[in-house]
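Undergrad: Chain by chain, the residues:
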Amino acid sequence: MNDLPDSTLSPPSPLAVLAQRDEPAAPVAAGSQEARPALNFRQSRLSRLADRWSHLIFLGCSLLVVLLIGGILFFLASRGLAAFVPMAGNVGRTLRLGEVFLSSDWAPSSDKFGILPFLAGSLSVTGLALLLAAPTGILTGVFIAKLAPHWMRNLMRQVMDLLVGIPSVVYGIFGLTVILPIVSRSWLKDAPASGFAVSALILSVMIVPTIVSLSTDAFESLPPSLDEGAQALGSSRWQAIWHVLIPAAKPRLITATVLGLGRAIGEAMAVQMVIGNNPQWIALLRESTGSTSFLHTLFTPAATLTTELVQELPNTASGSTWNNVLFAMGLLLYLITMALILATRKLGQGREA
Amino acid sequence: MRIRTLAQTIVAGLLLSVSAQAQTVTVMGSTALGPIVKKAAEDFMKANAGVQIAVSGGGSMTGLNQVTSGGCVIGISDVYATPDQDKAGLVNHNIVVQPFTLIAHPGVGVTTLTAQQAEQVFTGKVNNWKEVGGHDQKIVRVIRPESSGTRAVQKKIILHDQEFTKDVLIQDSTGAVVTSVATTAGAVSFVELEHLEKNKARIAGIAYNGVECSNEGVKSGKYPVFSFGHAYTNPAKLTDAKTKQVVEAFLAYILSPAFQDGVVLKAGYLPVSYVKALKTKL
Chain G
1 MNDLPDSTLS PPSPLAVLAQ RDEPAAPVAA GSQEARPALN FRQSRLSRLA
51 DRWSHLIFLG CSLLVVLLIG GILFFLASRG LAAFVPMAGN VGRTLRLGEV
101 FLSSDWAPSS DKFGILPFLA GSLSVTGLAL LLAAPTGILT GVFIAKLAPH
151 WMRNLMRQVM DLLVGIPSVV YGIFGLTVIL PIVSRSWLKD APASGFAVSA
201 LILSVMIVPT IVSLSTDAFE SLPPSLDEGA QALGSSRWQA IWHVLIPAAK
251 PRLITATVLG LGRAIGEAMA VQMVIGNNPQ WIALLRESTG STSFLHTLFT
301 PAATLTTELV QELPNTASGS TWNNVLFAMG LLLYLITMAL ILATRKLGQG
351 REA
Chain A
1 MRIRTLAQTI VAGLLLSVSA QAQTVTVMGS TALGPIVKKA AEDFMKANAG
51 VQIAVSGGGS MTGLNQVTSG GCVIGISDVY ATPDQDKAGL VNHNIVVQPF
101 TLIAHPGVGV TTLTAQQAEQ VFTGKVNNWK EVGGHDQKIV RVIRPESSGT
151 RAVQKKIILH DQEFTKDVLI QDSTGAVVTS VATTAGAVSF VELEHLEKNK
201 ARIAGIAYNG VECSNEGVKS GKYPVFSFGH AYTNPAKLTD AKTKQVVEAF
251 LAYILSPAFQ DGVVLKAGYL PVSYVKALKT KL
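In order, the protein sequences belong to chains G and A. As numbered in my numbering, residues 1 to 353 make up the first sequence, in order. As numbered in my numbering, residues 1 to 282 make up the second sequence, in order.
For the record, the hints were derived by calculation from the structure and aren't laboratory data. For glycine and all other residues, C-beta sits at the position ideal for the given N, C-alpha and C. Some hints here could point you the wrong way.
Distance ranges between label pairs, derived from CB positions [claimed, not checked]:
1) A:Ser173 / G:Leu162: 20 to 30 angstroms
2) G:Leu335 / A:Ser256: 48 to 58 angstroms
3) A:Lys198 / G:Leu132: 31 to 41 angstroms
Construct all of the structure, not just a fragment, from the sequences and the given hints.
TA: Okay, structure coming up:
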């Protein structure tokens, strides 16, 4: 009884997928042909007027969006660059690029503005989160697209969509009140668990749904002939996935990962609740006399660009050096995100060509 | 954050234009002080028909920035103005007293610290609770970000202006601090007294020099850890005689015994009259 469904179901499944794929395409084509005569109705003066007005409204909306984004970028850049260039409204001193980007000493009340700890913090926590999330997400994508039974596929997709909608502060509270105490009590002998490890774990849970959805799409868009060909040549399920499907979907998988990266690097709320927010973490590691193993570093309270912005920006006087440097950090984050988006588009184009 | 700052600017702009038309007194700043000032404004408007007082938040620094630039008439703040803002001619009015207390995770085995021990705990000279009479447990210091008013008070009174050790956890809000202390073994921190009273079940208060933080302790002068809530005005930007009159009457109302002993005390603050003068500027 148990063997029968398996042996009968698995061979025709690629064909079933093929049939499903053809079905939706046909009605759409038929529909568009039927819809065409409807467009040839005589246009009244009113409808022409409405057409012109709607055109203006659409144009207005898109201009407004462009204006808003441009305005925010201008605001960010003008305040951020004020840290390095004397500008009207500056009450603090102007800084040299070196003492901001090459120094790890952050103590604004003592006039020290090195942002290296935040940059290194952002990159490490995001990198760690990707190390956890990318393999998990991509393998889940393979499972949903190629291995899971139909009912489970739908269920998984819906669950992933739901996970994307959970506000980040919920993940943060969960990390602060559940994960941190568990890790510190069971593993670290009551030392605080705040730091890169738990933050990266929380972040990876947050970005896995994004990576899963996009990689599922990637695998589903592959022509079934690849999978069938590999199996016809005698490869096992695992060999077909590892040697054929994943290499074929690689550009889109990279895109999925980069989008996950973009979400992770910009996340502030959840991270700042569990990372410990210690801007002096590099100096602390350097000073600690004991062994500074990799594991030790993972559980050192640290800080990132976003967490520092969330904590300090509302409480600093505008025009002060401190405030300007914070805006410069915001600008840096904007540029990193921008570079990621451009990289994604480049990768996407490479796939189509 | 960008959106928040933009929104604040827009709100400030709107308030400014409204105040120009209807001679509304605008108050901006500290979200902690906001509720009692709002209550004072409601009572004051009830007693004085035709007067409009609009209270909005934004944070202490926003309040100070706005009152300096003339964006609002009164800026309320948990911290003193910066030297630059003082130079611009801001005038300080202390409106309430805020008592602070040391708190710790309930399992540390310590109920009191001397001034010297408290200082050593936060400067990093003492790293285990057994060195100050508690259990063998690493000390985990939870503090507020560098720009926080609470941290400024703590640095001035507890650390006597020395730097905090680098081995700290930092939490953004008092709520997060309390949660962190309640869930982390060996944690110690510094919060407003009302937050200890609300969370007695989760965290333990630590007496300072053998004196537990209480309203009576502050009043009798035995408990020295507290700060002022401030209302700043900017005479240089306050040219309209009628508005000036309203502002003076409103500040006088906040400082009146009826308001100070009633509303202020109930909101977790102490009347300014409890403390005659502070030796050091916080």
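Undergrad: Next, verify each hint and record whether it holds.
TA: To see whether the hints hold, each was checked on the structure:
1. A:Ser173 / G:Leu162: 20 to 30 angstroms: holds, 28 angstroms
2. G:Leu335 / A:Ser256: 48 to 58 angstroms: holds, 54 angstroms
3. A:Lys198 / G:Leu132: 31 to 41 angstroms: At 37 angstroms between Cβs, range holds.
Figure legend: structure checked against the earlier numbered hints; every hint is met.
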